[in-house]
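Put chains B and C on the given structure of chain A with help from the hints.
So the sequences go chain by chain: A, B and C.
Those letters in the first sequence? Residues 1 to 327, by our numbering.
Those letters in the second sequence? Residues 1 to 293, by our numbering.
Those letters in the third sequence? Residues 1 to 428, by our numbering.
Hints were generated in silico from the structure; no laboratory data involved.
Watch out, some of these pointers could steer you wrong.
[Stated by the list, open to error] Pairwise CB distance ranges, derived in the manner of DEER restraints:
(1) C:428 with A:18: 31 to 41 Å
(2) B:280 with A:93: 18 to 28 Å
(3) B:90 with A:202: 35 to 45 Å
(4) A:76 with B:173: 56 to 66 Å
(5) B:131 with C:308: 38 to 48 Å
(6) C:314 with A:93: 55 to 65 Å
(7) B:178 with A:6: 51 to 61 Å
(8) B:132 with C:403: 19 to 29 Å
[Claimed, not checked] Residues from chain C shown here face chain A by an in silico Cβ test under 8 Å; the list is partial:
(9) 88
(10) 89
(11) 98
(12) 102
(13) 103
(14) 203
[Claimed, not checked] Residues of chain A clear of chain C, computed beta-carbon distances all greater than 10 Å:
(15) 264
(16) 277
(17) 302
(18) 309
The beta carbon of each residue, even a glycine, is placed where N, CA and C say it ideally should be.
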Amino acid sequence: MTRAHKLTLLGGLVLVLLLPHVAGAFARALTVELLIYSMFALSIGILYGHTGMMSFGHAGFFGVGAYAAALMITKLDAGLATALLAAVGSTAILAILVAAVAVQLKGHYFALITLIVGLVLYYLGTGWRSLTNAEDGISFARPELFGTYALGDPMVSYYFFSILAILVIFFVWFLLTSPLGRLFRGLRENDDRARYLGYPVARLKMLSFTISGMLAGLSGGMYALFSGYVSSEFLSWILSGEAVMWAMVGGAGSLIGPILGASLLIWGREVLSSYLIDIYPILVGSIMIVSVIFLRGGLAGAFQQIRDACAARRAPAPDAAANGEPT
Amino acid sequence: MGLEALAFQILNAVVWAWVLALLALGLTLIFGYLDIINVAHGTLYAIGAAISWWLVQATQSPQGGFLLALLVAPLAVALIGLAAYHLTIRPIMARPPIYSLVTTFGLMFILQHALFLIIGGAPRSAEMPISTLIPILGRTYPLYRFVMAGVAAAIILALWVFLHRSTYGTWIQAVQQNRSVATAMGIPARQVVAVVFCLGSALAGIAGVLAAPVLQVRYDMGIDIIMDAFIVVIAAGFGNLFGTVIVAMVYQIIQAVLAMMITPLQAKVLALLAVLVWVLMRRKGLLERERLA
Amino acid sequence: MHNSIKNHSRRTLLQATARLAGAATLAGIYPPALLAQSGKPIHIGCTHDLTGTLSMDGTWNDVAVKAAVKWVNTHGGIGGRLIELHTEDTETNTQTALRKFRSLVLDRGVDFVVGATHSGHNIASAPVAKELKTPYFASGTALETTTDKGNRWIFRGVNNIRQQMKAMALVALKELKPRYYFVGADYAWGRSLVKETKTYVSAEGGQIIGETFIPLGTADFAPYLNNIDPRSFDTLVVGMTGGDAVRFLRQAYSMGLLNNITVVGNIAVTSGSSVPDLGPGAKGSWYTTMYPRRSADVPDALKEFDEAYRSAIGVDGEGVEKATGRVANLPYSFVAWQAIFQIKQAIEQSGWGSRADHPKFIEAMEGLVGKGSIGYPQGDFRFRPEDHQIVHRQYIETIRDDRLQVVTYVEPDQLGYPPEVDYRTEAL
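Bound-form chain A, shown alone (with noise of 0.2 Å):
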């Protein structure tokens, strides 16, 4: 670990410390929905953005996780960390399955393998109503934390995700800026070259696929605790195509880029749905359009394009490899 990484890692608990300090309970409650599904936006950025493979499923991760951990609690009297701990373990064997069947194809095969395994599981979710309620959802009552703190209170509920969810996120970006990292965008480069160098691309894929899967359904997971409540709606292919949205919009490649991508999407689909009412979703369609067309590299790149300019002398052009695209 780096003095950056350190610094980094103090600098994002710091932040989450003071928030409640100058922010009130909604944005509180506001930003641990933004970290949780900022999570989700990262599992893309992993896949794609630096490994270049694009899921159109991966709703079915966050869902599986969900449902995991509500299962767990309503039906096997669970613990949060047991809680969490099956719903990582889960989509972890699940993405090991897609990823062994669907690592071999290219493009847009495998985007399709992702596709109607998203759908499945969302069929699945909806047909099973004796398992998972359907549409209807499962409300249930989170257990408490450490066996004392209950996760009805709101700071209680505020620090516990928010904390995990920075960990979590730290963790993400001290594996992308690490050896495995750069094996990642090796292989979103050009990954026939990295097989002549003797790299065991399936595998490394499969192992991208995997951790990407597992952050999808870990944020599923927290979700589900945090708001007490899943459902087959968690599963769908409309959440599968907003978290891609997060994550080109902010930025693929980069780590703050799908943090920034989720954040300012959800929270702006907040304000303008509460003061534009009658026609928030052109205007949220609008900011999708214009932000990809006109921000190249994202939100992330435009603000490295910014940093760039600034830094004294020479501004590099905007950097493609910033949203994953192969250069």
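Chains B and C only, in chain A's frame:
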């Protein structure tokens, strides 16, 4: 009862397969030929349906309105498609197709909400232009459903003829295969791309007109059908007209037959898994195709 | 609600501009004249499905609530205090509904929430209402909201599905031919309706031939209709709402399924649809409803209040919105209108001053009695203290002579049942 019921299910599945194929073909033109993922394709279908409903209301004639819609809706939807193409697709044409997913997702939000503002949230009832019922397989079946399938089939045939037997059709195929070579040969590639997008959109609009009298018109009616269309398109192989129709047929029939034994949702899951398995089995061929491209 | 394209876009833009400008003059709802004199406003939040599958209910609830708040504010407010209304769109998505509930309470500081007609939202919001200690007025009709899934913070101001089908049983089930088939949408409400109706059918000695549950949003019902043999039953109970129901009826009719079959259902089948919209298959169908579509069918004692209510929400005597010619959602929107007045009454009765007085408010709501009036155009009612379930009159309508008209009504005292819970055991 058992065998008749099964035959009936298959018949109904085939009827719908033609409409699904029509919608999927619109998508395959755009996706298969242009490498553009148009998530808003389902909304164009809904717009086509809404235009049909509106014309029936305006003319107070289910037959007149329907026929008029068959002409007007594809034109109107093609125009909307053209505008959408220039605003949301052309700017990102050079980038990987994932970008088109993002911009057309935004487009879907916009178009769908615009439609909602115009026709409202309640379903709009569209009368069938033909209300005759035919007794078949021990049940009564609306003649219109056959007409719907027939018109879809005719349009698909016309599309095939256009693509494979006309000059412009050859241009479209040339542009799809290799745009730079096509341009070098003097084909106006940019124009062709725009035309293909409009054509694909128009097909979605017609599918909407055809489906409206049976499924009724709702501003969000595109959401359910778009995924099926994507599955059919990708499973059939891009730009493969004949294959798209076959896959649509098989996909619908599998679901219909399975639904006799298990629940429809379970049938859907199995049908999807069947597609999955089939794609995997073809993967050797796919890998090679990718390498050549 | 939705004018011609031009008018609506203009109105939308104007509304949007007004809100953006931050003007506290939601034209007329918050009359500046009273502003100076009143005490602190009372903040009421609403979660409506303004978009999505149930937007029919949401948009009309919105119209009704706004009209009610406007009326209250122009007639002295609540004990001199004006109502400030905050509206959120729940997009027919329960996740969004939960987030908006929290937003309304934590961000906008509302003290009461008037909720959607969506039972899924109601049930998921119940624990949140309790957690945030905010009274929640549910408009959905699934049973669980006031049985095992509710709590002391929930009030349901509409007869639930059990009460509604009981009314149908008392009036119609004995008239109808004895063999019944059930078709329901496969979710909480649809299953609830079918389950409750089956109980009454059996009690009346009817024969239950079979049932089919269909996933929400199914486009083509032919595969299901294929398996239903119309010769084996006489009456079809339809447990579906809005879009699905209309499509089902039309497709069923188009496949000859409704010849010599009587359709029975809840009024949600007809929501937003004119009689021609439902198609010829709906001829002679029976519906249990909470509000007559036609003014002519309103009991004399309530006629003047009905007229005032319709006038306030822009609906004519045939149940059609004057500005657009579209059928209004009267059977459900009155719940939202009445909720505002119920809140007013409970506040005035209990001396509620702020959130700290919520326990007093809740106690006043438990057993609240209302009489037919401008605030309660639906008529007399009372809230049961044990399960916070309202009991009010229920009407039975049928489609006859191309009109949806009332056959008779059932008085509230016939629509009770032993409460399955007693929320009063919960501490506040």
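Hints, one by one, checked against the model:
For the pair residue 428 of chain C and residue 18 of chain A, the beta carbons lie near 34 Å from each other, so the given range of 31 to 41 Å is met. With their beta carbons about 19 Å apart, residue 280 of chain B and residue 93 of chain A fall inside the hinted range of 18 to 28 Å. Taken as a hint, the range 35 to 45 Å holds for the pair residue 90 of chain B and residue 202 of chain A, whose Cβ atoms sit roughly 37 Å apart. Restraint check, residue 76 of chain A to residue 173 of chain B: a C-beta distance of roughly 58 Å satisfies the suggested window 56 to 66 Å.
The hinted range of 38 to 48 Å is satisfied by residue 131 of chain B and residue 308 of chain C, whose Cβ atoms lie roughly 43 Å apart. In this structure the hint that residue 314 of chain C and residue 93 of chain A lie 55 to 65 Å apart at CB holds, the actual value being about 57 Å. Judged by the Cβ atoms, the range 51 to 61 Å given for residue 178 of chain B and residue 6 of chain A holds: they are separated by roughly 52 Å. Checked against the hint of 19 to 29 Å, the pair residue 132 of chain B and residue 403 of chain C passes, with Cβ atoms roughly 28 Å apart.
Of the supplied interface hints, the one on residue 88 of chain C holds, with its beta-carbon coming within about 6 Å of a beta-carbon of chain A, less than 8 Å. Of the supplied interface hints, the one on residue 89 of chain C holds, with its beta-carbon coming within about 5 Å of a beta-carbon of chain A, less than 8 Å. A least Cβ separation of about 6 Å between residue 98 of chain C and chain A falls short of the 8 Å threshold, and the interface hint therefore holds. Here the hint on residue 102 of chain C is kept, as its CB sits about 5 Å from the closest CB of chain A, short of 8 Å.
A hinted interface residue such as residue 103 of chain C counts as satisfied when its beta carbon comes closer than 8 Å to some beta carbon of chain A; here the least separation is about 5 Å, so the hint holds. A cut of 8 Å between beta carbons decides the hint on residue 203 of chain C: the least distance to chain A is about 27 Å, and the hint is violated. At roughly 17 Å, the least C-beta separation between residue 264 of chain A and chain C is larger than 10 Å, which holds for a residue marked as non-interface. Residue 277 of chain A, annotated as away from the interface, has a beta carbon of chain C within 10 Å; the closest lies near 5 Å.
For residue 302 of chain A, the non-interface assignment is confirmed: its Cβ lies about 26 Å from the closest Cβ of chain C, beyond the 10 Å cut-off. The claim that residue 309 of chain A is not at the interface with chain C holds, since no C-beta of that chain comes within 10 Å of its own (minimum 32 Å).
Of the hints listed earlier, those the structure fails to meet are numbers 14, 16, in rising order.
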